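**Student:** Place chain P on chain H using the hints.
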Amino acid sequence: MTNEKDLSRIVTDNLGEVTREWVVKLKADGTLQTGRIKESELETECRRFLELAASEMFKPGDSAQLGPIHDMLGSLSRSRALQGFTPSETSNFVLAVKLPLFELIGRQLGPAEQAQTMMALTAFIDRLALFTIETFQRSREEVIIRQQREIAELSTPVVRLWGGILALPLIGTLDSERTQVVMENLLQSIVEYSAEIAIIDITGVPTVDTLVAQHLLKTVAAARLMGADCLISGIRPQIAQTMVHLGVELNVVSKASLADALALAFQRVGLRVISTAPEPRAGLA
Amino acid sequence: MDRIPILKMGDALLITIQVDIHDQIAIALENDLTQKIATTGARGVLIDISSLEIVDSFIGRMLDNIAAVSRMLDAETVVVGMQPAVAITLVELGLGLTGVKTALNVERGMLLIQNRLGALGRDRAHRP
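In order, the protein sequences belong to chains H and P. Everything in the first sequence is counted per UniProt numbering, starting at 1 for the first residue and increasing by one. Everything in the second sequence is counted per UniProt numbering, starting at 1 for the first residue and increasing by one.
Isolated chain H (complex conformation) (with noise of 0.2 Å):
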């Protein structure tokens, strides 16, 4: 069809008047506002966007032609993606540009032809912003998934206080996914360290109900079968009275703070912590 190759003589002919409108129209949106992307930045992004576009794209075809121009969409909303731009002002980049088109063909093309090339067009441009929209949200989705897995397994370290003795510190809420890596992980290193004592510190426990109850019961009966005591410490007062409203009982040695509960398990293993500054002050003591 002549039209379509006329279009893309067209475009590459007018593609520095077609950059400039489409930046202004970008500008105009509030693109730029947040200073995320740079203007030069988005001016080059525009140029090699219509380049591809004008140079393959207005050809008819399918979407399995739009090879380079996809690959160069997709990174960019990737990066877009990750630079925390809305999905509107992601598609929007790719929408801006029928407007100045449309005003190219319009001053460029006869009336006959006029319709028929805009209708392909917007078709085209269309295609390219869902296109766009999809790599966009799906880039969100790979964030979102890697940062669970990183906060999975951040927040589940196992401590060697001392020989023999470890210390879990749990923060936030257990549920029956996180109590199983946390159960694996403290008796991998029971193994690993030969420990005879586990504390199992719940002060970054936000709230501890029947559920997360039994699930730290099961981490200490499990450690129990391997040879291992488990102390619980960091019980906050409030988390201790909901405890007992609710009637969970641990049935296990708790002690209100890390300290507390190192200090029993120093003394089960038969260890002592003495002091070596000089005899105390008067007055501090």
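Where hints are given, some of them may not hold.
No farther apart than 25 Å at their CA atoms in a straight line, the calculated lysine-lysine pairs in the BS3-like style are these [what the hints assert, rightly or not]:
hint: 1; chain 1: P; residue 1: Lys101; chain 2: P; residue 2: Lys8
hint: 2; chain 1: H; residue 1: Lys25; chain 2: H; residue 2: Lys98
hint: 3; chain 1: H; residue 1: Lys38; chain 2: H; residue 2: Lys27
hint: 4; chain 1: H; residue 1: Lys255; chain 2: P; residue 2: Lys8
hint: 5; chain 1: P; residue 1: Lys8; chain 2: H; residue 2: Lys218
hint: 6; chain 1: H; residue 1: Lys98; chain 2: H; residue 2: Lys27
Bear in mind the hints are in silico, worked out from the structure with no lab data behind them. What you are looking at is a predicted structure, and each value in this text was computed from that prediction instead of being measured.
**Tutor:** Same frame as chain H, but now just chain P:
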């Protein structure tokens, strides 16, 4: 039929489970062990399950049973060397093995038994 050997070490009996254990072996072990405690007058039973990788509820119950029977015959059972995966499985099955003492390895398990023997007094050496 396969049998699991029961070794006598002083006043303790040592059992090392190194084969895949199935129900018949488990029942035979329970019988043999009961006999052996009665004949030797052992005061401690040490069961090493560090090679055991698969447990089911039957094996779990068997361990509990052995502990209960031993206790009745005045011997203390210590299960040592349980794998993490096995521990998780038993807990998920609801088997806490509350009547059994546990230790991380044979060395510590032996220490537990010796402490108990020590607490019982030295006169045990002159049993009839």
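**Student:** So, for every hint listed, does it hold in this structure?
**Tutor:** Hint by hint, here is what the structure shows:
The suggested pairing of Lys101/P with Lys8/P holds, with an alpha-carbon distance near 19 Å, which does not exceed 25 Å. About 10 Å separates the Cα atoms of Lys25/H and Lys98/H, which keeps this hinted pair within 25 Å; it holds. This hinted pair checks out: Lys38/H and Lys27/H have alpha carbons roughly 11 Å apart, not beyond 25 Å. Between Lys255/H and Lys8/P the alpha-carbon distance is near 41 Å, which puts this suggested pair outside the 25 Å criterion.
Proximity of Lys8/P to Lys218/H is assessed by CA-CA distance (about 34 Å); at most 25 Å being required, the pair is judged violated. A distance of roughly 15 Å separates the Cα atoms of Lys98/H and Lys27/H; the hinted pair therefore holds under the 25 Å criterion.
Comparing the model with each earlier hint shows violations of hints 4 and 5; every other hint is respected.
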